[in-house]
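Keeping their order, the protein sequence lines are chains D and P.
Per our numbering, the very first residue in the first sequence carries number 1; after that it's consecutive.
Per our numbering, the very first residue in the second sequence carries number 1; after that it's consecutive.
Worth flagging that the hints you see were computed from the coordinates, not collected in a lab.
In this text, a Cβ means the ideal position worked out from N, Cα and C, and glycines have one as well.
One or more hints might be untrue.
To be verified - Residues from chain P that face chain D, not an exhaustive set, calculated with beta carbons under 10 Å:
| hint | residue |
| --- | --- |
| 1 | D12 |
| 2 | I16 |
| 3 | D154 |
| 4 | H160 |
| 5 | E194 |
To be verified - With beta-carbon atoms standing in for the labels, derived distance ranges:
| hint | chain 1 | residue 1 | chain 2 | residue 2 | range |
| --- | --- | --- | --- | --- | --- |
| 6 | P | N103 | D | Q159 | 34 to 44 Å |
| 7 | P | Q123 | D | A64 | 47 to 57 Å |
| 8 | P | E108 | D | Q546 | 32 to 42 Å |
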Amino acid sequence: MAQSSEAAGGLASIPALLARNAREHAQRPAYREKEFGIWQSWSWAEAAQEIEALALGFLELGVAEGDFIAIAGRNRPYFYWAMVAAQCVGAVPVPVYQDSAAEEMAYVMDHCGARFAVVEDQEQVDKLIEVQDRLSEFEQIIYVDPRGLRKYDHSVLHQFSEVQEKGRAAYDRLGVELAARRSKLSYDSVCVMLYTSGTTGKPKGVVLSNRNIIEASKSSSEFDHLTKGEEVLAYLPMAWVGDFIFSIGQAYWNAFCVNCPESADTMQTDLREIGPTYYFAPPRVFETQLTNVMIRMEDAGRFKQKMFHHFMDLARRVGPDILDGKPVGMIDRLRYGLGNLCVYGPLKDTLGLSRVRVGYTAGEAIGPEIFEFYRSLGINLKQLYGQTEASVFITLQPDGEVRNDTVGVAAPGVEIKIAESGEVFYRSPGTFEYYYKNPESTASTKDPEGWVATGDAGFFEPDTGHLKIIDRAKDVGKMADGALFAPKYVENKLKFFPNILEAVVFGNGREMCTAFINIDLTAVGNWAERNNIGYASYQELAGHPQVLDTIRGHVEEVNRSLAEDPMLAHCQVHRFLVLHKELDADDGEMTRTRKVRRNIIAEKFADLLGALYDGSDEIFTTTEVTYEDGRKGSISATLKLVDAEIVPVEPARVAAE
Amino acid sequence: MLDQTEGFVTEDGRKIGPVVMEMKNITLRFGGVVAIKDISFDIREGEIRAIIGPNGAGKSSMLNVISGFYHPQEGEVWYKGAKRPAMKPYQVARQGIARTFQNIALFEGMSVLDNVMTGRFRQMTSGFWAQALWKGPAEREEIANREAVERIIDFLEIQHIRKTPVGRLPYGLKKRVELARALAAEPSILLLDEPMAGMNVEEKEDMSRFILDVNDEFGTTIALIEHDMGVVMDLSDRVVVMDYGKKIGDGTPDEVRNNQDVIDAYLGVAHD
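One chain only, chain D, in its complex shape:
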């Protein structure tokens, strides 16, 4: 292949990287999964055999080149193998969020016309069977866990291990065909198709080539000096681009080991047992961990509490500097060392982060206190900015230049420019090929020169050259008096309070800003327990007068801090309410990656929004909810509308666009 010559050493596809790893790192662990209480492991040589058996099994089932194979399950080696096996036979893997409702799954499956699906268990099989009639091209389901499926019609159902068995048996017959298909893979062949979460509108299928994935993995690995010795814990949704890059792209490029937890509930224990050296988590995970630590510390004895707070104060003061290699006094260094022995070390061990060499967070803004907390413990937590269309990486924070309010410098090989409107554009080898069956969107997102619009507004900080993201360009609007309205910025400030899980700020084209708020049940629930406040449900706790008071305090604090910024002083929240239900992806209020869908929320809760602006004190409302299994129900509540104090500011000036 002409194109593949540009790939380093002929490594032009994931299957080619697999072959290299199986040859050069045959005995090193490639996958581990905890099952039946024990970490089971597969070496690269064994993984290659498993994948080959499955690929042959795919051929036996009649998978053709260019077919789409949907994959739905939690992170398990079987599904990673399924993705690579699909690539081996020239098919395109399409990982799907395993918690999506049958309808969402149907949309994706129908859009790509998948003929095959590899799924985890009965739950997924049931969903597929439910929507099967509407999917004209869909043919066969392969499942991993046979539990409860024995009595199903097995004409279209196959057990994963049996498909592999048949594949092994057919080696003599199909081996040549497999080798031929594998050798056709080039740098330009499609590596994977991932559906964007879609904060607005229907999901789009982002087609990424081997070039995109391998180049992005290669340059980012070099940036952080990743080696074959890294350990990662694969626990983020497989349908998300980040997991594909970390657990397949970088893992295959560097030949490091991917560890799969036993179940979602055991993630924290498994994290501790594995002790990853390279770790990625969205801000929410770090927030939850910190909240848990703080809750447990409040229940600890007096001596332990004192010791904890003493050393954490010290860590906050000197920890980040020590991590960045900046000069710190001898005495403080010694004290930090002592703190490490008494507090930081054990704490990091409990968190499962004691071996983390490189840690990343992205997806949302992270609260400064949270970010500093981890860094002060000596955990090298950094931020990156990316999106599916870029094969993740747009900017990264280099070691020693880490800050919580910027997202770092352009990743290696990435060019960035800021348009007149403030929107960030980039161009890189990782830039996606096209949106599947959607040339209009492709054309509007990616121009002929390869520049891609991120949809985010931002600017480069003049002193450091770091990129700073303000908000989603689409969300930035104007208030009735022409002042700048940046909802995300305000929401993030609100969400930095542990008591506030989610916030949605409104105000575009209006006189004043208002907000919907979700409380964090863990944090507020713990507070209620310690203050002997009884509650039976989220709804009851959310409506408690003392909770509303606390939240008002938080809102007013945010207002004070907003008032200091002349650009954003008008975004102070005048009135708010605490929602009677948690915003949920099952109800379409959030994406599967937990980003709020502003317009849908505004539409769905139009009555509440109206009440915030018409000055009433309370409102009765009924909301339809969708349960996990797709059934519908409804909840109703009377919500209090709370006024928050605002800091008066100068009459509006028109903010620069």
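Once you've looked at the hints, dock chain P against the given chain D.
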């Protein structure tokens, strides 16, 4: 009533076998109080058999007769085609009958794993000295038992609390651990005493699913006592209804539902 003696296949494809346990004219008295009065019924292999009735109807006493804790003054218990002599509960357990309790009876200070391991006691054969020395057969046996236990932990989805002391668990999970321990004994008949008492709707749904899965996956015969009529009617193949120590109904859920005596007992018609 069902009359197939050799067993049959239900509509949803489950195999119900011949009668495995038969209670013949059981009467149980505590001094002058008659707890169970001349009751007969049978349990078929592979079925889910429910015993229902209002409070004080004698359901738990019946279960205690089956598990060998009470010995009826009159009547016979036939198990696997033979009349069962009076036995101690542990001897009954050895015959492959395991149970859970209405008021959870776990070792609160021990971890979930250890609690479930105790259920394997019947499968452990190596002696005291062999276990103390550990090497050889005792070690192999423990590994095999641990594997069996881990499969049950996986099956009941309690991996995340494997090492947690039982005392720290919420009620619904304790119930599940108790089920796990009973399952660890690999019983041929599983007795469940109010498996869903005190649970919320979600926990009840989970438990129902596990009971059906156990029956489906391992083919375990299940006899259960339950108050929640909805659950009983959904789960069981056949239902025995008791009231004041007497049997007032026996049959499929539909038959029982339309039985006038049963309706009276539940709606509280005055007894003479």
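Does the interface hint hold: is P:D154 within less than 10 Å of chain D, judged Cβ to Cβ?
-> Given a least distance of 6 Å, the restraint on P:D154 holds.
Classify the hint on P:D12 as holds or violated, based on whether any CB of chain D lies nearer than 10 Å to its CB.
-> Nearest chain D Cβ about 7 Å off; hint holds.
At a threshold of 10 Å, is the proposed contact between P:E194 and chain D supported by beta-carbon distances?
-> With Cβ-Cβ at 23 Å, over 10 Å, it is violated.
Falls inside 32 to 42 Å, the C-beta gap from P:E108 to D:Q546?
-> The hint (32 to 42 Å, Cβ to Cβ) holds, given that P:E108 and D:Q546 are roughly 35 Å apart.
Distance restraint evaluation - P:N103, D:Q159, Cβ atoms, bounds 34 to 44 Å | Hint holds: Cβ distance 41 Å, inside 34 to 44 Å.
Hold the hint about P:H160 up to the distance rule: shortest CB distance to chain D must be less than 10 Å.
-> OK, holds: P:H160 within 10 Å of chain D, min 4 Å.
If you check the beta carbons of P:Q123 and D:A64, does the distance land in 47 to 57 Å?
-> Since P:Q123 and D:A64 have Cβ atoms about 50 Å apart, the given range 47 to 57 Å holds.
Do the numbers back the hint for P:I16, that is, is its least Cβ distance to chain D under 10 Å?
-> Interface hint status for P:I16: violated (15 Å vs cutoff 10 Å).
In terms of the numbered hints stated before, the structure departs from hints 2, 5, listed from lowest to highest.
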